[in-house]
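When you get a sec, could you build the whole thing from the sequences and use the hints?
2 protein chains.
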Amino acid sequence: MTETPLLGIDIDQDAGRSLFEQVYLAVRGRILSGGIPAGTRLPASRKLAEELGVSRTTIVAAYDQLIAEGFVTSRPGSGVFVSDVQPVEPITPGQRGQTIRQDRAIRLEPTPKETAVRDPVVRPFQPGQLDARLFPFRHWARAVARAARSDPQSLVLSADPFGDRLLRTEICRYLGDWRGVRAVPEQILVTAGSGEALEICFLMMTQPGDRIGLEDPGYPQIRDFIGRIGLDILWLERDEHGALPPSEGRMPKLVFLTPSSQFPLGGAMPQARRGAFLAWSQRSGGLLLEDDYDSEFRYSGRPVPALAASDETGRTLYVGSFSKIFSKGLRLGFMVVPAAMIDAVRAFLRAYDGKVSAAPQRALGLFMAEGDFYRHIRRVRRHYGERRAALIDRVQTHLGGLVGFEDHSAGMHIVLRLPDDLPDMAISQEAARRGLTCPPLSGYCGSEDRLNGLLLGFCSFTIAEIEAAMPNLSAAIDAVVRQRGQAGAP
Amino acid sequence: MTETPLLGIDIDQDAGRSLFEQVYLAVRGRILSGGIPAGTRLPASRKLAEELGVSRTTIVAAYDQLIAEGFVTSRPGSGVFVSDVQPVEPITPGQRGQTIRQDRAIRLEPTPKETAVRDPVVRPFQPGQLDARLFPFRHWARAVARAARSDPQSLVLSADPFGDRLLRTEICRYLGDWRGVRAVPEQILVTAGSGEALEICFLMMTQPGDRIGLEDPGYPQIRDFIGRIGLDILWLERDEHGALPPSEGRMPKLVFLTPSSQFPLGGAMPQARRGAFLAWSQRSGGLLLEDDYDSEFRYSGRPVPALAASDETGRTLYVGSFSKIFSKGLRLGFMVVPAAMIDAVRAFLRAYDGKVSAAPQRALGLFMAEGDFYRHIRRVRRHYGERRAALIDRVQTHLGGLVGFEDHSAGMHIVLRLPDDLPDMAISQEAARRGLTCPPLSGYCGSEDRLNGLLLGFCSFTIAEIEAAMPNLSAAIDAVVRQRGQAGAP
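The listed protein sequences derive, respectively, from chains A and B. Going by this note's numbering, the first residue of the first sequence is number 1, and it counts up by one from there. Going by this note's numbering, the first residue of the second sequence is number 1001, and it counts up by one from there.
Worth flagging that the hints you see were computed from the coordinates, not collected in a lab. Just so you know, not all the hints are guaranteed correct.
Said to hold, decoys possible - Partial list, derived from the structure: chain B residues whose beta carbon lies under 7 Å from chain A:
hint, residue
1, Q1221
2, R1228
3, S1327
4, G1329
5, K1355
6, A1359
7, A1390
As the list claims (entries may be wrong) - One side only, chain B facing chain A, incomplete, derived with CB under 10 Å:
hint, residue
8, Q1207
9, D1224
10, P1270
11, A1363
12, G1365
The C-beta atom is built at its ideal place from N, Cα and C for all residues, glycine as well.
Below is the structure:
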């Protein structure tokens, strides 16, 4: 086991770069260049600190960063070793006397290669995932730096529990221009994704035992959360125009709807049906919770206005998210609070531990104010539209006779409908064995009669990646067809 | 009503500043300098855009920013007017036909003066509030800019659902050095404040009807959340050494504890009592949830180690937060997941909509790695210690004979104990009338026998502010003493 003295690292006390960064970059460079072979032990932090004339903290921090990125590995008692680009081996927990097995460590931590991409691996055709590779990282970093320069406090504090005022002003402008929703900044509650907005609605407006109306099929996460907090679910009846308002029995406190693009089936709720839900809301006193999750992604025709846009009575809580159209990692979403409920929401927030960070809010406000946000949406929509067309084309080529689907020319995934003798669960499992993530439609169904199909996402995959994955999907379906044949099924 | 042409604004297409910023800063400067008197109507955005040769979006964005900051006011149909430094008047909601009354708008929106401070107004002696004025905004902005420069993706993406690896590594170092807790980065789950960590524990490990053991007195928020999600509360018995482990009846799934500094009474749990809880946990199969919320704030003596530090069996879920020691607005906290539960937590997160933003994580990791974080804690602790001493001194001067309190020389507030004939609720209300926020101790009590006292926070108030507020507190108490006298109470 050789040891390198790491002599000749150039430390400039007055450089623009911090000492930490200089040490980190120098060692990292040596490793990448092969200047320090794998298995080499790095000098003890104390020793290197003396050598370079910097504080030991600086060296430890640099080593920690290199450990974090998988370039080196720490072995307690023996030192820090240049990694041979294997998954990060965890430090053993010490005193607590529990060691984490290497194989778990492999499952837990991204390999350095994955770390380089940063985005958690997304397998074709995982739905609901934007393509993080299209994110304008440099532009965004500039917006953040600008927010930091012009108003450092805005990175850390929000003057208002409802969120940054500039962001809320911009959200109002966006809602007016894109969604036909008129709102004032006082009505906008910035939340940690749409998830927190929904949780606030459920926690604030219901108590255990209350009923919530849900579309069927719909989001499993919402069904789970509602169950965990002791609420009852009323599965809404549906006809060819989508979900129907509750007509009899104990009325729900809230009805959750996706009117612009039903999740997961796609398709917009007709105006008449929207009117029926608004009428139900006024009749029963129940509220409507509109999740407008990906309405920007229409690839032809005109945008479908939000339900809230046609609500004159303020009985619709509109929830939006930036996770699908911009970035999931920022965790930003919002709710449009009907004016009459603003005080109630403020009162609730006083006893509620809010989850949204101030850090990204001003930067996003600037990003929207300066138009970069809209340029980005137009750009990704163009890409998503091409990928969608490619996916549909390949589906028709490879699976034409077998499957059907409705074309809503919108959304982030398509839904393949399968014949009854090809259960979606089985195909989804075969697809998983072939490196694909195609959730079964039946998994989104709550009531008894389960729809049979597959969700295929297309947003986060290039056309080449889609083409490469299609044969695996065909193979998965063929495998199930064969099994059925052998089993002597009709 | 005069109108200014705003001629002579200098726009430099090639300046480092964006056009938006140039327009915004120019108009803002004119208003601040009195160059444009209050009530003046600004030119229509289209007109000004032509005048300056920039896009209309840029002007609208600049106006929005000025509206957001209260420098100008928009009146639909009539234009944008220079504000006379009154609270922002909201745009009327239009189509939806709801107008928000001006008085609500006043209550809702900070005045420009408050906006300048940015932190929501904190009234003396509101407890649990750090002093945002001490935050190292410039240093932090540099850390953010450095994260943006060296790794723009880290502002937007986290490679791991558990959070940024550098931050998790630094949290482990912090826990080892400061709290005696040995953990590896694989065990650290970064959350949106400690609140999300607790909610994840409750949602993941319980179902409606399960029992949760709570200290009495304790956090009202946690009591409320537990009630809202349909869990039962078991109030733990207490003796002079604090809460006692459950001894009989249906055992709780989780027991929530604040061993380093009991909330709100203060004081650390003795080692023997910690052992008793660990023994209970092993006996009953229940888990311990340790909230280590402000353990850095000890003003004399040595830090009290965490309960998790003495747990050899991995039955303690340790929850920490950066909201009290660093910044509430960043909304960052964490949980130390026992190694044996890591896979279970990862599985839960797949169906859970996480709330923590990637935006501040890498920057905080750098801030910790480079020592700025620890310098900041030492600095605020020095201030808080002085403020605490001043508060205690003034309490003894003004209220000496009347009230008592235990000195734990730790925490962010002191608890005044009141004689039974002076109910804390009444005094708290009188204090509120005099501009103070002193929550009644009885409000933190869950079971029948309610303690009588007041919480006085000292962290976010200068010694001068504390001195200025003391007479109001005395007056509040005197008022209640008089009322009692008149009521002929003993």
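Cross-check of the supplied hints:
1. Q1221: holds, 6 Å
2. R1228: Constraint on R1228 of chain B satisfied, holds at 5 Å.
3. S1327: holds, 5 Å
4. G1329: holds, 4 Å
5. K1355: holds, 4 Å
6. A1359: Since chain A brings a Cβ to about 4 Å from A1359 of chain B, closer than 7 Å, the hint holds.
7. A1390: Violated. Min distance 25 Å.
8. Q1207: holds, 7 Å
9. D1224: holds, 6 Å
10. P1270: Because about 21 Å separates P1270 of chain B from the closest Cβ in chain A, which is outside the 10 Å limit, the hint is violated.
11. A1363: holds, 8 Å
12. G1365: holds, 8 Å
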